[in-house]
Amino acid sequence: MIRSKILLSLLGLLAGSAAAAPASRHDMFVVASINNGFVVGSKMVTLSGLFQRGADNSYGHFGLNFPFIVSLAVDPRDAKVLYAASINGVLCSTDGGQNWRIGTSWDMTEPKDVCVDPNAPDHIYLALPDGIAVSTDRGATWPRRENGLPERGKYTQAVRVDRTRAGRALAACESGIYLTEDTAGSWRRVFAAAATVTDVRQSPHDSKLWLATTQSDGVLASRDGGLTWKKFAGLPTAEAHYNVAFDATNPRRFAIGGWTYGVLVTEDGGETWIERNTGLPEGHCVFRVGIDPDNGRLFAAVYKDAVFASDDFGRTWRKDGLEGSLVYNFHFVPKSAK
Amino acid sequence: MKAPTLFLSALTVLAAAQLTAQPSFTAPAPASVVLKQADQRRAAYEARVDEVVTWRASLAKPGELLTDMGIIAAKLVRREDADLCSRSVIELMKDPGTGPFWMFPAVSVAYLGRDQLSPEAKKSIRDAWRKVMQVRGDTENHWAMYYTSLYLMSELYPNEPADSWYSGKNSAENLAESREYLIHWMDLATTVGQGEFNPTHYIGEYAIPMMFLAAWAQDPEMRIRGQMKLDWLLADLAENTLNGVLHGANARTDDTSVIERWNALASFFSWIAFGNTPPPAGYGGWGIYFAIAAKGYDVPEVIYRIATDRGDDFLQRDLKRTRRRWRNSDVLMAPIYKQNYTRRGYAVGSYQGGMADPIQTHVWDVTWAVPDPRGVHNTMFSMHPMSSGYDMQTYFTELPDQMIKGVTKEGKASYDSPDKFLGGSRFEQVFQDLDTVIALYDIPAGTRFPHINGFFSKDLVNLTVDPSGWIFAQGGNTYLAYRPLADYELKSIARIKSSWTGERSDTGDKILYSPHLKNGTIVQAAAAGEFKDFAAFQAAIRALSLEFKLAPVPTVKFTTLRGKTVVCTYGAAPVVNGQPVDYTKWKLFEGPYLNAEKGSRRLTLTHGHLERVLDFNTLTITDRVRAN
Chain S
40 MIRSKILLSL
50 LGLLAGSAAA
60 APASRHDMFV
70 VASINNGFVV
80 GSKMVTLSGL
90 FQRGADNSYG
100 HFGLNFPFIV
110 SLAVDPRDAK
120 VLYAASINGV
130 LCSTDGGQNW
140 RIGTSWDMTE
150 PKDVCVDPNA
160 PDHIYLALPD
170 GIAVSTDRGA
180 TWPRRENGLP
190 ERGKYTQAVR
200 VDRTRAGRAL
210 AACESGIYLT
220 EDTAGSWRRV
230 FAAAATVTDV
240 RQSPHDSKLW
250 LATTQSDGVL
260 ASRDGGLTWK
270 KFAGLPTAEA
280 HYNVAFDATN
290 PRRFAIGGWT
300 YGVLVTEDGG
310 ETWIERNTGL
320 PEGHCVFRVG
330 IDPDNGRLFA
340 AVYKDAVFAS
350 DDFGRTWRKD
360 GLEGSLVYNF
370 HFVPKSAK
Chain A
78 MKAPTLFLSA
88 LTVLAAAQLT
98 AQPSFTAPAP
108 ASVVLKQADQ
118 RRAAYEARVD
128 EVVTWRASLA
138 KPGELLTDMG
148 IIAAKLVRRE
158 DADLCSRSVI
168 ELMKDPGTGP
178 FWMFPAVSVA
188 YLGRDQLSPE
198 AKKSIRDAWR
208 KVMQVRGDTE
218 NHWAMYYTSL
228 YLMSELYPNE
238 PADSWYSGKN
248 SAENLAESRE
258 YLIHWMDLAT
268 TVGQGEFNPT
278 HYIGEYAIPM
288 MFLAAWAQDP
298 EMRIRGQMKL
308 DWLLADLAEN
318 TLNGVLHGAN
328 ARTDDTSVIE
338 RWNALASFFS
348 WIAFGNTPPP
358 AGYGGWGIYF
368 AIAAKGYDVP
378 EVIYRIATDR
388 GDDFLQRDLK
398 RTRRRWRNSD
408 VLMAPIYKQN
418 YTRRGYAVGS
428 YQGGMADPIQ
438 THVWDVTWAV
448 PDPRGVHNTM
458 FSMHPMSSGY
468 DMQTYFTELP
478 DQMIKGVTKE
488 GKASYDSPDK
498 FLGGSRFEQV
508 FQDLDTVIAL
518 YDIPAGTRFP
528 HINGFFSKDL
538 VNLTVDPSGW
548 IFAQGGNTYL
558 AYRPLADYEL
568 KSIARIKSSW
578 TGERSDTGDK
588 ILYSPHLKNG
598 TIVQAAAAGE
608 FKDFAAFQAA
618 IRALSLEFKL
628 APVPTVKFTT
638 LRGKTVVCTY
648 GAAPVVNGQP
658 VDYTKWKLFE
668 GPYLNAEKGS
678 RRLTLTHGHL
688 ERVLDFNTLT
698 ITDRVRAN
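Order-wise, the sequence lines are chains S and A. Per the numbering used here, residue 40 is the first one in the first sequence, and the count goes up by one each step. Per the numbering used here, residue 78 is the first one in the second sequence, and the count goes up by one each step.
None of these hints come from the bench; they were simulated from the model. Note that CB positions come from ideal geometry on N, CA and C, so glycine has one too. Each hint should be verified, as a subset may be incorrect.
Reference excerpt, derived from the structure (chain A facing chain S, CB under 10 Å, subset only) [what the hints assert, rightly or not]:
| # | residue |
| --- | --- |
| 1 | Thr175 |
| 2 | Ser244 |
| 3 | Asp264 |
| 4 | Thr268 |
| 5 | Asn405 |
| 6 | Lys482 |
| 7 | Trp547 |
Okay, chain S solo, but in the shape it has when bound (with noise of 0.2 Å):
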């Protein structure tokens, strides 16, 4: 197991930013790959995985060194308690980091998420590209929850349980966006995508409202728990959007972030939507976006630049650090999950 003199403990962080910033409420993460010259093989000469933004605005890195982790779960009932996304599986950790175990065996590669349930934190939820995986053992096993699932087109990009009800989740799969109630004991597909559909979230204000990137079909809206889904029409189809943001301090604000596109906001609930890119790098090519459910403060990741943040929504942007990486999530993690 993995032990870095070099590597910060999460609880070390958590106590530090805590103190430092007594108003906040939720920890952020950040996962991403700062990668100068590795290929598989060679020796690591940057820090690469999770980071955490600490209240003096640094992003402090800790945990395991390791490239090509994309995404991150916390156990809501004990922040020590996470789950990596990693091309070498799942990896778990019950100590904050510091060890880490691959949960998965080789038949399992390259998931590309991981959620817990928040209403049922031993269950967790892995999007892998051949399908999708449910731990109901706290990371201890990881059968396969296909049922319903079509034998080609599984691939899954993101996985997110629905925070009002235990076992029901939402998977965006290559075919479609897939919905399960029982705990992933049967998928049904309640939206036919032509490409793969790369993102889907919960609004933090309205459990029935959730929202969806695709890489064809534009961004996609459910106003029923995700029964049904319609286009914005406001928002262009030809490119992908990579990821959606909800703005917890405000139900009116949502934010879109892919690579032609950059940054697409809205503040009227998605009746408009607008541009944001100026003051990011030319061409912007922005990997993902996040908001502060604190603050409403906008992240953007530019590929391989830095991450970039406003406080005015997008108007204006500042760097505001992890320069040179590549960043696959933003996590925010509410502060009472100890």
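For this one, chain S is given, so just place chain A on it according to the hints.
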């Protein structure tokens, strides 16, 4: 997209290779002599093994610690400088690499050093396997290396707890997972074929781990599996070489090897196992890791003979499979129907087109024999230069846009170059009948590079653009006729020489650039000795019946030089003498030398009276001398 073409340290070794004597690399090409006596073959083999080890050990700089595990391995196998090796290992393990290209060299040092390294050095290796998470990678070769390495280290350190391994699993768990994967992989390869088939470089990433299993696995089952799979790989290599040079289709190759066919790690394996071609510079960088265990392995005579002792022309058909397709496909792995037709002076090889791998596939060529292949571009082919995020997403678990940009910086510099000669395409369909190839292209409008590239070597002579529409040329003792089916321009090119840097140089080669979406190429090869002279060959080709049209889809009806009437229509099964080709009947191997039924796990190797059966059902190797 995490796969390097070569690990960086190998490049360092290759650079050093230019400075230190490598007898077989600098000597004249080996003569075509078949060593019939077992002791002669063995002595020659051991001499080659010693040459590699001696050379690599000689790269040590006096008075300095060793910074290359290949040198340490070489010294350990020579049982010299154990103290220096120990101190160097301790230093190297302070900052280990990560991933399979680091793991298997580390395994070699761990095993060779069992009775030579100091306890502190051994502990430093063991600690490295605790403290640094190893990247498993995303390719078939990564996993062969990763799981072989983890298997052997888990056997070397049994009964150790989970917190003493980077994986967080105990020795038994690591061992079980590794064993299960390796057997799964062998099952796949021996039933429906290897995914990364006949790679020009990655053959080492399979052959070396199998050599390690054969040499060091304690479990007799895994030891015999290693030996059998190594036999299998070398037999597959032998079948697909022409005087030691790997030719025809490759799941994976690179910008250099696809043109200078000899210049590949595969040539190291031909050289060391068969002695029938020069080794590449630095013995391919990785060659040392094969050599350090090679004396525990006997190259079976039947494989040696397949590589070196051929009489008649032969046609061999093999079944392979594509890399895993995560999306954009009805199947996880599509079958590859591969064939090669080999004569004394040239070979024609192909598969049916499409992508075996998203970046580095080579679909077909004619390769001709030359007395010394070093520096010779002895090949001819055409291809569609595909560059597509969609196709990358089929094989990679990435978002669409960054991949092309990323891959060009990861050792595949040519990927997004319109004048590249490397790669397959969904819009290419190929049919081969003996020494005739018909490649058809139906490229949708809007495709990034809407043209095809034909490769015309600097080493062709008598290049003649004939009013008939054929282009005639001679390579070695092979006459070549190339018929473009659409207008083209034949021009000089500063070709990409380095897959890593994208460095270009004017090598004297030419590109046939044809900017037409509906397109095609017919190539007919023949031995010069079949004709009175070059003019007679040209006359014979002109006399062949050829009808074709390009719309609505390319269609060719051609009577080959061998008298077959072939009808190829893009999107339809080829028809030969009125009979549609049925690929579903393709066997795992079928030919005079290698034979296996699909799904059988059983390969029969034959040459003359010699026969070896590799049976993965019973894990037995059976040799016999057949009666007439």
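Interface hint check: Asn405/A, Cβ to nearest Cβ on chain S, cutoff 10 Å. Holds or violated?
Because about 8 Å separates Asn405/A from the closest Cβ in chain S, which is inside the 10 Å limit, the hint holds.
Quick check on Thr268/A please, does its C-beta sit within 10 Å of some C-beta on chain S? Hint on Thr268/A: violated, closest Cβ of chain S at ~17 Å, above 10 Å.
- Message: For the restraint on Asp264/A, tell me whether the closest CB of chain S is nearer than 10 Å.
- Response: With a minimum Cβ separation of about 13 Å from chain S (threshold 10 Å), the hint on Asp264/A is violated.
Under 10 Å, Cβ to Cβ, is where Thr175/A needs to be relative to chain S, so tell me if that hint holds or is violated. holds (6 Å)
Under 10 Å is the threshold here; is the Cβ of Trp547/A close enough to any Cβ of chain S for the hint to stand?
Since chain S brings no Cβ nearer than about 43 Å to Trp547/A, farther than 10 Å, the hint is violated.
| field | Minimum beta-carbon distance criterion (10 Å), Lys482/A to chain S | value | Check passed: Cβ of Lys482/A comes within 8 Å of chain S, closer than 10 Å.
Hint check, Ser244/A versus chain S [nearest Cβ-Cβ separation less than 10 Å]
holds (5 Å)
Checked against the numbered hints above, the structure violates hints 3, 4 and 7; every other hint is satisfied.
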